[in-house]
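2 protein chains.
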Amino acid sequence: MNLFKKTLAIAIAVASVAVVSSVMAEEEHEKASPEKMAIEYRQAAFSMIKFHFAPMGAMVKGKMDFNKDEFAKNAEAVAALSKFPIHGFPEGSDKGADTEAKAEIWTKMDDFKKKMETFQVEATSLAEVAKGGDMAAIKPQFGKVGESCKACHEDYKEN
Amino acid sequence: MNLFKKTLAIAIAVASVAVVSSVMAEEEHEKASPEKMAIEYRQAAFSMIKFHFAPMGAMVKGKMDFNKDEFAKNAEAVAALSKFPIHGFPEGSDKGADTEAKAEIWTKMDDFKKKMETFQVEATSLAEVAKGGDMAAIKPQFGKVGESCKACHEDYKEN
Chain A
1 MNLFKKTLAI AIAVASVAVV SSVMAEEEHE KASPEKMAIE YRQAAFSMIK
51 FHFAPMGAMV KGKMDFNKDE FAKNAEAVAA LSKFPIHGFP EGSDKGADTE
101 AKAEIWTKMD DFKKKMETFQ VEATSLAEVA KGGDMAAIKP QFGKVGESCK
151 ACHEDYKEN
Chain B
1 MNLFKKTLAI AIAVASVAVV SSVMAEEEHE KASPEKMAIE YRQAAFSMIK
51 FHFAPMGAMV KGKMDFNKDE FAKNAEAVAA LSKFPIHGFP EGSDKGADTE
101 AKAEIWTKMD DFKKKMETFQ VEATSLAEVA KGGDMAAIKP QFGKVGESCK
151 ACHEDYKEN
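Those sequence lines, one after another, are chains A and B. Oh and the first sequence: position 43 is 43 in the working numbering, straight run, nothing missing. Oh and the second sequence: position 116 is 116 in the working numbering, straight run, nothing missing.
I should point out that these hints are in silico values taken from the structure, not numbers from a laboratory. Among the hints, a few may not be true.
Copies of the same chain are indistinguishable here, so a pair counts whether it falls within one copy or spans any two.
[What the hints assert, rightly or not] In silico SDA-like pairs for lysine to any residue, Cα to Cα no more than 20 Å straight-line:
#  : residue 1 : residue 2
1  : K50       : H87
2  : K31       : K68
3  : K83       : Q120
4  : K150      : M37
5  : K63       : A32
6  : K73       : V60
7  : K157      : D69
8  : K73       : K95
9  : K95       : G143
10 : K50       : E35
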């Protein structure tokens with residue numbers, strides 16, 4: 001083999017490895033495991049809930065001016081979104097990506113679902129109460145939503 | 001200063017830097033900019049929509065067995081979630097974190113909102129049609145939802 005052919009052969013080999021690696025990376029990206037997808041799904045749902053929950057908390061605590069329309073919209077969003085996280089806890093999704101979900105979720109699924117439902121019920125009540133725009137009525141119901149988050153986090157979330 | 005004191009002084013200095021860095025990192029974490037939060041919010045919303053959209057696509061294409069109840073649930077989820085991404089595009093959130101959103105979104109916001117509304121309308125129709133469980137009726141409406149995604153992505157999403 002002359003030098004030109006050698007160089008060409010090496011170049012082709014290097015390019016092939018690059019192409020194969022890239023295709024494999026692409027496939028890996030496309031074929032995220034169902035567990036990884038579920039974990040990312042529930043994290044997305046919780047992050048959206050937090051996005052709407054945080055400004056309500058700031059208003060309740062007086063750290064932000066109370067805007068009743070904004071509050072009502074956020075309360076409605078949390079109520080609607082509260083139905084979604086449960087889809088992200090299929091059997092086996094205690095592993096598969098970084099997660100703070102404790103394994104107890106799957107051994108005590110009935111209790112976990114019950115706590116999720118309490119959150120849904122309290123969040124739906126908050127959306128109703130928020131329509132009235134009366135902070136005196138909103139505050140205790142906002143507290144109940146927060147407690148429903150906390151009750152579940154204490155038992156089923158690391159940190 | 002004797003060796004013991006020197007060592008102690010250095011240890012305290014190192015520990016202080018570690019504590020300060022950790023506190024700063026914590027504060028940075030807590031104080032994500034509103035733009036970053038908006039970008040992460042819309043990405044979370046789109047990823048949740050994709051999670052429910054993908055199995056419907058697989059069923060429509062015959063790559064997965066058609067389960068009408070599963071399909072209807074996913075269609076309902078996409079319809080509900082279709083109302084959320086728009087909250088994640090406040091003025092100024094063309095920057096602040098990795099994003100594929102084009103700057104044109106904010107210069108053509110009326111058109112962008114119109115396209116988002118088309119998606120909401122088509123997704124809501126799909127949820128209705130899906131209740132019937134008839135793939136012959138579902139398929140064209142699923143196509144319309146897909147087109148509404150594509151129409152917006154073509155104008156307003158990189159890649």
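Hint by hint, here is what the structure shows:
no.: 1; hint: K50 x H87; in the structure: both (17 Å within a copy, 13 Å between copies)
no.: 2; hint: K31 x K68; in the structure: neither (44 Å within a copy, 24 Å between copies)
no.: 3; hint: K83 x Q120; in the structure: both (6 Å within a copy, 19 Å between copies)
no.: 4; hint: K150 x M37; in the structure: neither (25 Å within a copy, 22 Å between copies)
no.: 5; hint: K63 x A32; in the structure: between (41 Å within a copy, 17 Å between copies)
no.: 6; hint: K73 x V60; in the structure: within (15 Å within a copy, 35 Å between copies)
no.: 7; hint: K157 x D69; in the structure: neither (32 Å within a copy, 31 Å between copies)
no.: 8; hint: K73 x K95; in the structure: neither (35 Å within a copy, 25 Å between copies)
no.: 9; hint: K95 x G143; in the structure: neither (32 Å within a copy, 35 Å between copies)
no.: 10; hint: K50 x E35; in the structure: between (23 Å within a copy, 15 Å between copies)
When the structure is compared with the earlier hints, violations turn up for hints 2, 4, 7, 8, 9 and for no others.
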